[in-house]
Structure formats: structure tokens, C-alpha cells
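S.K.: Protein sequences, first through last, are from chains P and V.
Just so it is clear: in the first sequence, position 180 is 180 by my numbering, and no numbers are missing.
For my numbering, count along the second sequence from 1 and bump the result up by 1000.
Hint data in this document are derived by calculation from the structure and do not stem from the laboratory.
Idealized CB from N, CA, C, for every residue including glycine.
One should not assume that every hint holds.
As the list claims (entries may be wrong) - Computed list of lysine-lysine pairs in PhoX-like fashion (alpha-carbon distance at most 25 angstroms, straight line):
| no. | chain 1 | residue 1 | chain 2 | residue 2 |
| --- | --- | --- | --- | --- |
| 1 | P | Lys233 | V | Lys1284 |
| 2 | V | Lys1052 | V | Lys1003 |
| 3 | P | Lys157 | V | Lys1777 |
As the list claims (entries may be wrong) - Distance ranges between label pairs, derived from CB positions:
| no. | chain 1 | residue 1 | chain 2 | residue 2 | range |
| --- | --- | --- | --- | --- | --- |
| 4 | V | Ser1150 | P | Asp26 | 39 to 45 angstroms |
| 5 | V | Asp1075 | P | Lys190 | 31 to 37 angstroms |
| 6 | P | Glu254 | V | Leu1062 | 36 to 42 angstroms |
| 7 | P | Glu254 | V | Val1152 | 30 to 36 angstroms |
| 8 | P | Glu254 | V | Glu1133 | 53 to 59 angstroms |
| 9 | P | Ala216 | V | Glu1764 | 30 to 36 angstroms |
| 10 | P | Thr45 | V | Asn1468 | 52 to 58 angstroms |
| 11 | V | Glu1121 | P | Pro223 | 52 to 58 angstroms |
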Amino acid sequence: MLNHFTYFKPQTESELLEKVKSYGDDTKILAGGTDLLIYMKQGITAPKVLIDVKGISEYSKIVTASDGSISIGASVTCNEVIENECINKHFPVLVEAAKTLGSYQLRNRATVIGNICNASPAADMAGPLLVLGALVIIGNDSGGREILLKDFFIGFKKNILKVDEFVKAIKVPAYFRDAKSGYLKSSRIKGHDLGICNVAMCRVNGTLKVAVGSCAVTPVLLPDFESDRAGTKFVIEAAMNNINPISDIRSSKEYRKHMVKVFIKRLLEKGNSH
Amino acid sequence: MSKEYKYIGKGVPRIDADLKVTGQATYVGDMSFPGMLHAKMLISPHAHAKIKKIDTSKAKALDGVAAALTGEDLDYQVGLYMVDKTILAREKVRYHGEPVAAVAAETLEIAEKAVKLIEVEYEELKPLLDVEEAFNEKANLIHPNLGSYSHVQTAFFPKPGTNICHHSKIRRGDIDKGFQEADVIVEREYNNPSVQHVPMETHGAIVQWGIGDRVTIWTSAQSPFTVRNLFCHTFKLSHHQVRVIVPYVGGGFGGKAGIHLEPLVGCLSRATGGRPVKLIATRKEEYNTLPCRCGLKYKIKTGLMKDGKIVAQKLTLLWSAGAYADYAVNVTRASGYSAGGPYFYPNISTDSYTVYTNMVFGTAYRGFGHVELFWGLERHMDYCARELGIDPYEFRMKNLLKPGDITPTGEKLKDDSGDIRKCLNAAAKEIGWDGVKSEQQRIKEMQSGKVRGKGFAVLHKAPAMPTNTSSSCVIKMNENGSVILNISATDYGNGTYTPMAQIIAEEMDIPLDKIHVAYETDTDRDPYDWQTVASRFAPMGGRAVINACNDLKRKMSEVAAKVFECSPDDFIFQDEKIIHKSDPQKFIYYDKLATGYVYPNGNAIGGPLIGVGVYMAEGLTHLDKETGQGLPAFNWTYGAHAIEVEVDVETGEFTILKIASALDVGKVLNYESLKGQVIGGIIQGLGTAICERYVYDNKGRLLNNSFTDNKIPTAKDIPLEIVPIFIETPHDEGAYGARGAAEHPMISVAPAIGNALRDALGIELTEMPIRAEDVWKALKEKELVFEPATV
């Protein structure tokens, strides 16, 4: 059962800033709530204040800038990403990954930003956003800041946000528009499951970017590969050197490693056949 | 030659579907009463521990708490067959998740807060987590008082001083001689973990222990009369004092048979002076505190002749009951007498044991042991065929039972016993079985990365029920000639009521929209029924309804005979009229008889029309303790599943392309309902086969007590094509020849997948579930796995 909490639904960003500042430590930001409410029900967290970002209209938008970059607002749901024409056309790996997150009903609530902020090593949206060089747009009292998503994850379900900070949006630079990309995920059942592991890949202007999920305490972005050096064996070796999967209830570490290898091979094959 | 029916066999839509889809059907969770309190349990964090001290004073002091109970307050023994359980743990806890205390409070929030204030001091004991270890005679005792527990002595045989709470034996022929004669002996071990029923609605009850010990129980249960009976036994109450009401139930699958939360909630109500108390299990409690399906480890040894005949079979089954015996002893018994499957054995010996372990206790689960049993048995039969170099289809056909054969318990099968051969033939044909894949072919296909395989498995099951199992019902005719049926069947998703309405429509020739089956069951209102379990309701309850219709017709005939001054035997019943056979001008509409016939002059005869029907299985016997000989089965339902699977050889992931399910149902009563049962059963069987399992750590703590890591299949996991096939060999006793078929679609799905994977890849899997990782590991052991890093 949920603890008692005070609920705010600011309508503007300045109102949000003010609430975050005044309640600080006891606050959680609520977007879709598909992770947060479960943690609250399980007693893992018991915030005194919930600040719902769904009232801020600009946060609910997917914006394409004139340079071709896209920005996904803090309350944009996974299903909204799946249905977005521009993302389907120019950043399809986000759609591929979003389709594997939870179930349709959950994706009506679950947000892309929430998935990132939860910072699970299994986060479905993390890998694709990592290989697309995504930037996290952070709001705070001192005018905000932008950091690369690869620097956002700092530990198991830990992100870099300070107490009075929140994520406004995530931005994918125009540089990655129309990049060849792909996402593969292994799970115990075909529907609604946390991944055993996942691999996201993207080729852009002679560079190959690869991210691996559920194989370390955070989602892992491998160092960039120069495309002409990136043979299957080379990429697999690099992946094995950068991940450290464990055996748990979902899978053995051996199977995780094997599946990462298979996915790398398949994504490279797919990329090469484009 | 089969009779033409107007309603029977047709795909009549569920008569209660509209209430369910509009949300108007009421479940226990929806209910609320004036002054109602909310309950919460405190559960054990240990799998095995002494309770050294327990202090509820802080909880009791909390504002809004009406009662707080511990095991010390409740000196009662409960149990289904083996009275081995207390309402809350006393002296020690035997599984992680066992309730040790409970609170009733004004709100659920206060109750949750209060249980956290209860202080318990435990002394941890070593848990027994392996059934073989617990089976060992030197093992520590989980129930040192086993010898003093009262139990059903005609059916269950505990071994005091051990952890064995029941041992079923079947002895037929001369097993040693059989093995001596055999050309080939094949032996292998199989394993199944525990799994959850996962009903959409968790267990829940509201109880009011009223003045004068008049108790009312609203509960999400399958068996209202069993709840009443066991509640009365526990508290030494007379049956007329206790009323059990079962409203709509959101799934049971066996998990809601028997008695579960009701005694605890009753005690909380009594402790508050009779306020209604409500307890709804959380999903975590459903996994961790309420019962699951038992685990099974077993060994099958088979003696074979070169020509493919089985000459001897020895089975040893170790059932892990978990902490309490509950239904596990009866699962052990039923799977014991069914353990051979639908095959003929000149010599057979079966030992089926129920063993206490320190894990969540097991109960009835769709299939009642047969899903677990058939996993190994049907994997084993493929293995036997292979060892002999015979096609597994031919091997089965050589050994399957037929009328005239004697079963392992000594039952002689008759023409109405059903036709297992037709089932296997139909299922195998549907997937185009044309023999096992050669190793050459397999290696060739592997190059493409995807390999297909075909497999099948047969099944049988009879209802596991007491020898005096019965149903009864009352049909009341209303003023306008419509009828209401009172019958104590529960519908927990199985569509129980619709065929009952079809039967009345058929027998009385009344349109379906003038028939109401009183959905919710109420032991004060409705006549006795054993339980809605064991796939026995439609064939047996249906007979009671036919008998009630006949009773009603007889009473109508008696009145009409007076009116027309003829014999009561002269009538037929058609279009809501009772009509004279030879003079159709002489008829009376039902509504003119419903509350008594009135002559033109005002004289009245007859009176309100009520039909009463009972049906009881006859001729069943207890089984001999030493040999298991006797007649345990009302009827056998035979069936077979056949599957085509496609495997990704790099990942071990597989897709079920097609599954055909052929069941000899005797007679289809409602085609759509039955099809629904088959599809649902197959998917549940698939869950057991591919992903479901309880996982414990080395201290006996359940690691996956939520949907996060205790997975069940979703819509995306459904096989691409499901083909239900119904064979109709009528059964003499069942309504219109029908047999039960509710559990059967779930049985033998797993071994059919296992056999198909064997066909595809040549891998030998003996443990359920079969995860992609397991397929990969098996391939790796065969050194067939693709290693991407090496290319």
C-alpha cells in the first residue's frame, strides 16, 4: 500500500523548479509512475512529496528542431514515441526498443525519460539513446545543464541528478538522423519482460557505436569503433572487455555473454546488408 | 447413431458474459459491509525457524487496531486430508511466507502499519530444500508430531518419524520377472519445480463471526461446501451455523479448492466481537504465503521387448509437498494410480511419496499432478522408442490401452472408456508426422540457423474424488414458466453455468433466455455439491440437472394427467407446453402449471413446481494400501497433443508454430466453451513448459514472489496456430456421454514440446521448464552450438 504523500502537479516549469527547490530530499518526480509507484508499493521508497510533470505542456511534446535533431519531453510515453512519424522515419531504433518495453498498456504510461532516470541496467530505451549520442537536458535552479547520456548513469539504478534537479527532455542530435541502427533483446517470454540482455547498434559517418544492456551495473556504451576495423570478432572482443554480467534468476552470465555475441553478429550483418 | 440436439453441443455464448465484461459481476474484493475491518498478515522471513518470542503489544496499542492475533491465541488444527496445519504458525515456522500473526484494523493502512510493529524473535533452523534430502530417513523432521495428526485413514498412509506424509503403492504383475524378460531396460530421471496458479483475482475472504456463533463467509473459493465442512471441523461448529457465499471468482485453477484464508479471517472477526473482517491477498502473498503446485522428482525404469512391447515399468515419484500436506497427499495418490499413463503394463510397480520440505506448500493445480507426471512419462516414452529404434508413434500405438485391457489398479476398460488411439492419430496427423528426423537431415537444417521439429505426447486423467462424490440441484419454475436453477457449482472462469442452462433448455424445451442459473453459490440457499474441481462438474452436475428436469416433468405430468384424465406417461414436452402424445390438441402451457393449475371453475391442483435432482458416482472403491488395487476413477479422459516447433540454433529460442490438441470428450456440451478451455489450457501448459518456476536461495527464501521474475506467458507467447480436435466416444455415466476436459488441455503440452525439440536438435531435456537458455546449454553440450566469436 502507498504511503501518504503530498501531490503537486505544476503547470509551468518555473512552478516545478520552485516545488523541487522547496521540498528537496523528500521529493520524487512522477511521470508515468510505472517504476516509482511499484517501488512505493513495495516500500522501497516512501517520498513525502510527489511532483507530477504531466501538467507542463511542453514536456509532453516530441519536438523536431530546424537542424533535424529531436527532443523528447519528460512526460512523453513510449507509445507516443512508437507512433511518432519523425522518429519512425529518422530514428527507428527508438521505436524498435520502445516496442519491447513492458506491455502496450504499460507503454501508455511509461515514459522514455522515466526509463532513463530509473537507470536500470536493463532499461530498454538506454542502449538506443546511448548509441544515438543522446543528451540529457537537466533542469535546476541555476539555469540547467546538458550532459551526455553516457555520463548520466553512475551506478545500479543511480543517475547523476542532484536533489534539486530533474530531467526536462532528452535530445538526439541531428548528426544521428537516418543512421543505420538496430536493437535486439533477449527475454524469458516474448511479451512484457525485463531483458536477459540487449544490444543497440548504430553506424554513422564511418563510426560504429554499440551499447549493451543488463550486463553490468549500468547500461554500457562501448568505445566508438572506426567502421573499417569493426569486424565481428573485434567488436565482440571489445564488448566482452567492457561488460561484466552476473548470473541471476533471469539468466546465467554465460548465456548473457553468448547472447551479446549473437546480437552483435546479427546487428553487424544487418548493418552490412543495408 | 447420435441424437440430434437443439441446444447441446452448440456454441451457446456464456450466459454471464455481459455481467463480466461490463464490470457488474461482483467479486469478494468489490464487497464492503457496514463496520467492516481490514486485515493484514505478518509473514515469516525464514524457511524454518523456532518462534522464540512474539510481542503484539505495540501493534495493539496503535490507534485503529481492533485485534492482533498470533499462533499462541489460536489452538486449532486445520487440514484437508492430513490435519497438520495451524491457523497461524505456532512454535515454529516451516516456510518463508508462512503467516505468524495478523491484525484487523479500521483501514488497511493501519493494519499494514500495525503488523510492522509486531516483534518476533526467531531461532533459525536448517531448512530442508531438497526433496531427496528430506526423503532420507535420517533427515531432520519438519513435523515431529506427524504420528499424532488425524487424517483420512482410508486413503492416506503417513510414516511417523520421517518427513513422508503419504506413500501410495501400485503393484500389479511380477515386476522382477518383467525386468528379467526384458530385452532392453531404459531408466531416466525427471524433474519439475513448483509453480503458481496465478489467478487474476488473488485469494480473499470476508468473514463475520456473528452472535450465537453464526458465521458468514464470503470467499473467493472453488468449493463452498468444503470450506463450510472444514471450517466446522476446525471450530467444532454445526454445519447449520456456518454460511458460505461464493460470488464471482476471478480464477482458481485448483488453488482455491480446499480452505485457505477463511479460518484466520473468522478468528479476527470473532476477536473484534463480530465485526466483518476483510483480507485480500497481495500478489506477493499469493506467491509466497498461499499454496503453489508441488515440485516433483521422479525416476522411471522401463523393461522393453525388441518388438516394442513394454513388459515392466517401475516408477518412483517424490512429491515435494512443501511445509504442509494440503492437497499434496491426494496429488500423490492420484498421480500414483495414473502413473503409467494410458499404456498397458503386464507388470508395474509404482511408489509415490509425499515429502514435507521447507518451501511454500503445494495444493491442487489444474491437472492434479498429471502435468508434472506426464512431462517425464512422455519424454520417457520417446526415449524408449528411440532405444528400440522404433518410430515413437508406432511404439505408442503398440502399447496404448484399449477396451478389455486391465489398468494398473485392476480396472477392466470398457467400450465407453474412450479411445486414446484416435486421439494420438488425429493429433499426429494434424502436424503431418512422418517419422523422426535423421541426424543427417538435422545437421543439414542447422546450417540455415533455424530447425523445425515435431513431437507429440499422450495424456489421461480421471477425476481424483471421494467414492461418494455427488451433485444436487433444484429447479424452480416461476409464474411465467421461466426457471431458476440452484446448484452449488462455482464458476471461476470455466464457464460452468452455461451448459447447465443448455441442459434445461434441451430437456424442458424452454428457450435459454427464460433460464437463470443462480450464479453466486450460497450454502444456505443452494443444495449440496462436493466441489467444482477435477473436471467432474459438467458430466456429473449435468446428470443432476437432467434428473431435476425429469423430476419436474414427472410432477407436471401428474397434474396434466388429472386435467386430461389420462396417464402421466402420455405426455411430451415441447415449446414450453406439455402435450398429449396422441392428441396434440390437449396441451397446457408451462406457465399455467407453474404455481398450480386452476380449472375454469376456480378449483386448483398441483402447486408450485420444483424439480429436484441428485447424482452420485457409484461403484468406486478405496484402493488397497499394499497393492493399490481398486476402482478409483469415475471415468478417464484421454487425449494427445502434437506440436511443431522452430528453433533458432544460435540462441536456443523457439517458436511453437502449431499445436494440435485431440481429446476424447465423450460429447461436446458447448463447443465454444470447450474450445476456450482447450486454448486456455494449452497456454497454461505452455507457461509450465517454457518459463514458470519457483526459485529459492540456499536459505529457502523464495526469490521470485512477483510478476517481475515469476513469469507467465503473455498474448505474444501464444502459439501461432492452435487446433482443437474433439473425439466423441460417449461415456455411459456422463451427461449426454460427456467426460471432463477442463484440466486435460494443459497436460502433456510440455513433453510434446520436449519431444519436438528432441526431434529438431537431438537434445535430451529432462527438467522443466525449458527455457531458451536450457536449449542453448543442451546444444552446447552436444558441441552443436554456434560460437560467434570464433568466426
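S.K.: Does each hint hold? Answer for all of them.
M.R.: How the hints compare with the structure:
no., hint, verdict
1, Lys233/P with Lys1284/V, "44 angstroms, violated"
2, Lys1052/V with Lys1003/V, "69 angstroms, violated"
3, Lys157/P with Lys1777/V, "31 angstroms, violated"
4, Ser1150/V with Asp26/P: 39 to 45 angstroms, "55 angstroms, violated"
5, Asp1075/V with Lys190/P: 31 to 37 angstroms, "51 angstroms, violated"
6, Glu254/P with Leu1062/V: 36 to 42 angstroms, "50 angstroms, violated"
7, Glu254/P with Val1152/V: 30 to 36 angstroms, "48 angstroms, violated"
8, Glu254/P with Glu1133/V: 53 to 59 angstroms, "27 angstroms, violated"
9, Ala216/P with Glu1764/V: 30 to 36 angstroms, "34 angstroms, holds"
10, Thr45/P with Asn1468/V: 52 to 58 angstroms, "55 angstroms, holds"
11, Glu1121/V with Pro223/P: 52 to 58 angstroms, "54 angstroms, holds"
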